[in-house]
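Using the sequences plus the hints, can you model the full thing?
One-letter residues, chain by chain:
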Amino acid sequence: MRVFDEELTALKERILRMGALVETQVANAIKALVERDTELAKTVIATDHQVNAYDVEIDEECIRLIALRQPTASDLRFITTAMKISTDLERMSDLAEDICERALELTEEPQLKPYIDIPRMAECARTMVKEALDAFVNRNADLARKVCRSDAFVDDLTSQIFRELLSYMIEDPQTIRRAIRITFVAKYIERIADHATNVAEMVVYLVEGKIIRHTTI
Amino acid sequence: MDETTALEVHDLNAWYGHTQALRNMSLSMMERRITAVIGPSGCGKSTFIRCLNRINDLMPGFRVAGRVLFKGQDLYAPGVDPIEIRLRIGMVFQKPNPFPKPIYDNVAYGPRLCGIKERARLDALVEESLKKAALWDEVKDKLHHSALALSGGQQQRLCIARALAVEPEVLLLDEPCSALDPIATGRIEELLLDLKKNYTMVIVTHNMQQAARVSDTTAFFMLGQLVEFGPTSQIFTNPRDKVTEDYITGRFG
Amino acid sequence: MRIEAHTLARMLSRRRRMELGFKALAVTTLAIALGSLALLLLDAIADGAGRLSWQFLTSFPSRKPEEAGILSALVGTVCLILLTAVFAFPIGVGAAIYLEEYAGKSWFSRVVEVNISNLAGVPSIIYGLLGLELFVRAMGFDRSLLSGALTMALLVLPIIIISSREALRTVPRSIREASFALGADRWQTIWHQVLPLALPGILTGSILAFSRAIGEAAPLITIGALTYVAFLPDGLFAPFTALPIQIFNWVSRPQAGFHANAAAAILVLLAVLLLMNALAVFLRQRYQKRLNL
Numbered sequence: 001m002r003v004f005d006e007e008l009t010a011l012k013e014r015i016l017r018m019g020a021l022v023e024t025q026v027a028n029a030i031k032a033l034v035e036r037d038t039e040l041a042k043t044v045i046a047t048d049h050q051v052n053a054y055d056v057e058i059d060e061e062c063i064r065l066i067a068l069r070q071p072t073a074s075d076l077r078f079i080t081t082a083m084k085i086s087t088d089l090e091r092m093s094d095l096a097e098d099i100c101e102r103a104l105e106l107t108e109e110p111q112l113k114p115y116i117d118i119p120r121m122a123e124c125a126r127t128m129v130k131e132a133l134d135a136f137v138n139r140n141a142d143l144a145r146k147v148c149r150s151d152a153f154v155d156d157l158t159s160q161i162f163r164e165l166l167s168y169m170i171e172d173p174q175t176i177r178r179a180i181r182i183t184f185v186a187k188y189i190e191r192i193a194d195h196a197t198n199v200a201e202m203v204v205y206l207v208e209g210k211i212i213r214h215t216t217i
Numbered sequence: 001m002d003e004t005t006a007l008e009v010h011d012l013n014a015w016y017g018h019t020q021a022l023r024n025m026s027l028s029m030m031e032r033r034i035t036a037v038i039g040p041s042g043c044g045k046s047t048f049i050r051c052l053n054r055i056n057d058l059m060p061g062f063r064v065a066g067r068v069l070f071k072g073q074d075l076y077a078p079g080v081d082p083i084e085i086r087l088r089i090g091m092v093f094q095k096p097n098p099f100p101k102p103i104y105d106n107v108a109y110g111p112r113l114c115g116i117k118e119r120a121r122l123d124a125l126v127e128e129s130l131k132k133a134a135l136w137d138e139v140k141d142k143l144h145h146s147a148l149a150l151s152g153g154q155q156q157r158l159c160i161a162r163a164l165a166v167e168p169e170v171l172l173l174d175e176p177c178s179a180l181d182p183i184a185t186g187r188i189e190e191l192l193l194d195l196k197k198n199y200t201m202v203i204v205t206h207n208m209q210q211a212a213r214v215s216d217t218t219a220f221f222m223l224g225q226l227v228e229f230g231p232t233s234q235i236f237t238n239p240r241d242k243v244t245e246d247y248i249t250g251r252f253g
Numbered sequence: 001m002r003i004e005a006h007t008l009a010r011m012l013s014r015r016r017r018m019e020l021g022f023k024a025l026a027v028t029t030l031a032i033a034l035g036s037l038a039l040l041l042l043d044a045i046a047d048g049a050g051r052l053s054w055q056f057l058t059s060f061p062s063r064k065p066e067e068a069g070i071l072s073a074l075v076g077t078v079c080l081i082l083l084t085a086v087f088a089f090p091i092g093v094g095a096a097i098y099l100e101e102y103a104g105k106s107w108f109s110r111v112v113e114v115n116i117s118n119l120a121g122v123p124s125i126i127y128g129l130l131g132l133e134l135f136v137r138a139m140g141f142d143r144s145l146l147s148g149a150l151t152m153a154l155l156v157l158p159i160i161i162i163s164s165r166e167a168l169r170t171v172p173r174s175i176r177e178a179s180f181a182l183g184a185d186r187w188q189t190i191w192h193q194v195l196p197l198a199l200p201g202i203l204t205g206s207i208l209a210f211s212r213a214i215g216e217a218a219p220l221i222t223i224g225a226l227t228y229v230a231f232l233p234d235g236l237f238a239p240f241t242a243l244p245i246q247i248f249n250w251v252s253r254p255q256a257g258f259h260a261n262a263a264a265a266i267l268v269l270l271a272v273l274l275l276m277n278a279l280a281v282f283l284r285q286r287y288q289k290r291l292n293l
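One line per chain: the protein sequences are A, B and C, in this order.
With this note's numbering, letter number 73 in the first sequence gets 73, and the count goes up by one each step, no holes.
With this note's numbering, letter number 55 in the second sequence gets 55, and the count goes up by one each step, no holes.
With this note's numbering, letter number 263 in the third sequence gets 263, and the count goes up by one each step, no holes.
Bear in mind the hints are in silico, worked out from the structure with no lab data behind them.
All values reported here derive from a predicted model rather than from experimental measurement.
A hint or two may mislead.
Short, incomplete list of chain A residues facing chain B, as computed with Cβ under 7 Å [claimed, not checked]:
1. Asn52
2. Ala73
3. Asp75
4. Gly209
Cβ atoms here follow ideal geometry from the backbone N, Cα and C, with glycine treated the same way.
And the structure:
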């Protein structure tokens with residue numbers, strides 16, 4: 001195996017480790033929110049610096065490979081994809097951190113209502129992240145396209161949650177503080193799903209050389 | 001931008017004795033564009049470019065079948081004078097090959113063969129050609145010194161100037177930088193991009209980065225066949241063919 | 001593989017001894033070659049140096065050895081060689097250009113090629129017989145300077161053709177291609193690029209061929225050049241003599257005085273030869289300098 005191939009494999013593995021970490025962060029953030037687990041929330045916030053370190057390392061490695069190996073064709077597409085994916089993953093990690101912060105604030109007050117749609121939405125977003133990464137590993141454009149399509153479902157749930165919380169707020173202004181925080185959480189999850197979609201779109205580019213961003217599939 | 005075809009190759013086959021060097025090549029080269037030909041050694045890229053001005057006619061045992069159309073005129077049609085073709089389609093070779101004569105005489109060689117004798121006209125042609133080849137400032141004070149005293153990069157630019165002096169429409173370049181250092185190579189590449197305004201160019205190169213840097217269209221040859229032909233940016237970011245991909249990314253063989 | 005230090009030392013000293021042995025052998029062979037040459041030269045100088053004088057160079061042959069000179073032979077040789085050059089050089093170079101640049105690789109050119117190589121090895125006396133039959137008898141040029149020069153031209157032609165082809169072949173293909181690519185035809189390429197580059201080689205080869213011809217006696221004797229000529233040739237059809245014939249004639253005389261004359265004539269012939277070779281070296285140097293500047 002050539003040195004360059006080994007380097008590319010190492011880069012891929014690093015992205016996967018970063019992805020696994022972010023996936024766990026997202027899952028734990030939702031768990032901390034639903035189970036009002038402040039310790040777990042704090043742990044998630046504490047792991048953010050690991051993800052940041054991955055992001056910097058991956059960027060540096062990609063720049064090094066571009067400078068020294070002058071990649072072309074699929075190698076070039078792989079490296080640019082890796083750079084973009086690491087950015088998206090880092091954003092997801094930040095959003096998980098934001099969810100935890102809102103969760104910590106929410107635990108200071110009594111629970112507004114049982115969470116039903118938020119975990120569903122979060123589960124869907126987490127699956128999207130996982131499948132986007134799987135699609136990246138296996139260079140599976142079909143799976144990536146499926147991820148892009150799931151984004152609509154998350155968007156629908158977001159507006160549904162927003163409407164529901166609006167009714168709470170209109171009925172009882174006491175709930176506004178909490179309802180707004182939960183709205184934020186829904187928005188964060190929706191953003192995570194968007195980033196997962198970005199990753200999936202990059203995977204399509206990696207495999208097919210076609211940029212499908214800003215187009216409707 | 002208007003895209004006119006300058007050279008059109010149809011089903012070109014070529015042989016050296018019994019060895020077939022080109023198989024069913026068909027591609028067309030656009031006017032005022034640089035077409036790069038890349039491929040591993042022995043893929044027929046030099047043979048191909050040497051078919052475009054019939055310089056390979058001089059090779060013993062060389063045979064061609066198929067058509068090469070230059071502005072609609074078949075170069076290999078009976079009655080076509082290869083000398084006229086070579087005046088309209090100039091060539092620069094792999095190794096700088098200036099004549100062992102003064103710089104001036106090198107550039108004036110082609111025009112003199114065409115019967116231009118007036119000193120003033122020759123002077124003007126020599127100056128203009130050397131300027132086009134970005135060499136004038138370096139040699140204007142030593143036009144009557146031997147061309148062999150120039151550096152490799154200067155010699156190659158002199159060869160380009162010499163080719164331009166007969167005012168061709170197409171310039172063929174057969175690995176023009178393979179004997180040059182990176183700085184000289186950079187200057188030649190810059191020159192080619194500059195010349196693109198007025199000339200159609202075909203460049204054969206071993207250096208894929210060079211093809212990527214200078215060309216608009218790239219043709220990838222292997223074993224005497226055209227594997228892929230397309231816009232350079234597409235060939236280098238998203239080649240359609242697996243073999244091209246392997247060659248471009250260095251996973252060849 | 002590691003080699004023990006003392007094994008290595010033994011191996012190296014054996015190699016050094018071998019190398020010394022070969023060097024000694026090479027020097028010995030060189031000494032034998034140069035020594036015999038020097039011996040010949042010294043012998044000629046010892047015998048003939050005393051006879052070398054202006055009178056010797058400017059007198060016609062005579063029955064008395066002390067009055068005899070080599071004027072007619074020297075002039076004959078010079079005229080002969082100039083005339084030979086006039087005939088052989090253009091024909092030889094022309095033939096070489098045809099074979100090298102135009103002929104291609106047909107069976108015909110291969111037959112011609114083999115024949116020329118063989119002709120270069122044919123003994124000179126055969127050329128003499130050919131000259132006798134063709135020029136002296138068939139064409140009726142008689143035993144003239146013209147017959148001699150034509151015979152000599154035949155003799156040197158293969159050598160000139162071979163060395164000229166060799167010189168033409170050293171002109172790189174890249175130069176020819178550069179010329180063709182600029183719209184030159186074959187003749188323009190040969191005239192403007194190939195010949196100027198090949199000229200030093202062609203000249204050197206030709207001059208060496210002529211200096212071989214200068215020393216030839218056999219073909220001239222065969223066509224019947226005179227041995228006693230008391231006048232200078234006054235035209236192409238004049239009878240003539242040459243230095244090798246004069247030397248041959250004097251050596252075969254019984255008187256010791258003529259032997260000294262022969263030795264002196266040998267020295268003159270050697271001087272002419274050296275002069276021509278020097279000219280060849282000079283021409284080569286000059287052209288090469290011009291080419292490299």
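Now the hints, each set against the structure:
no. : hint   : result
1   : Asn52  : violated, 30 Å
2   : Ala73  : holds, 5 Å
3   : Asp75  : holds, 5 Å
4   : Gly209 : holds, 3 Å
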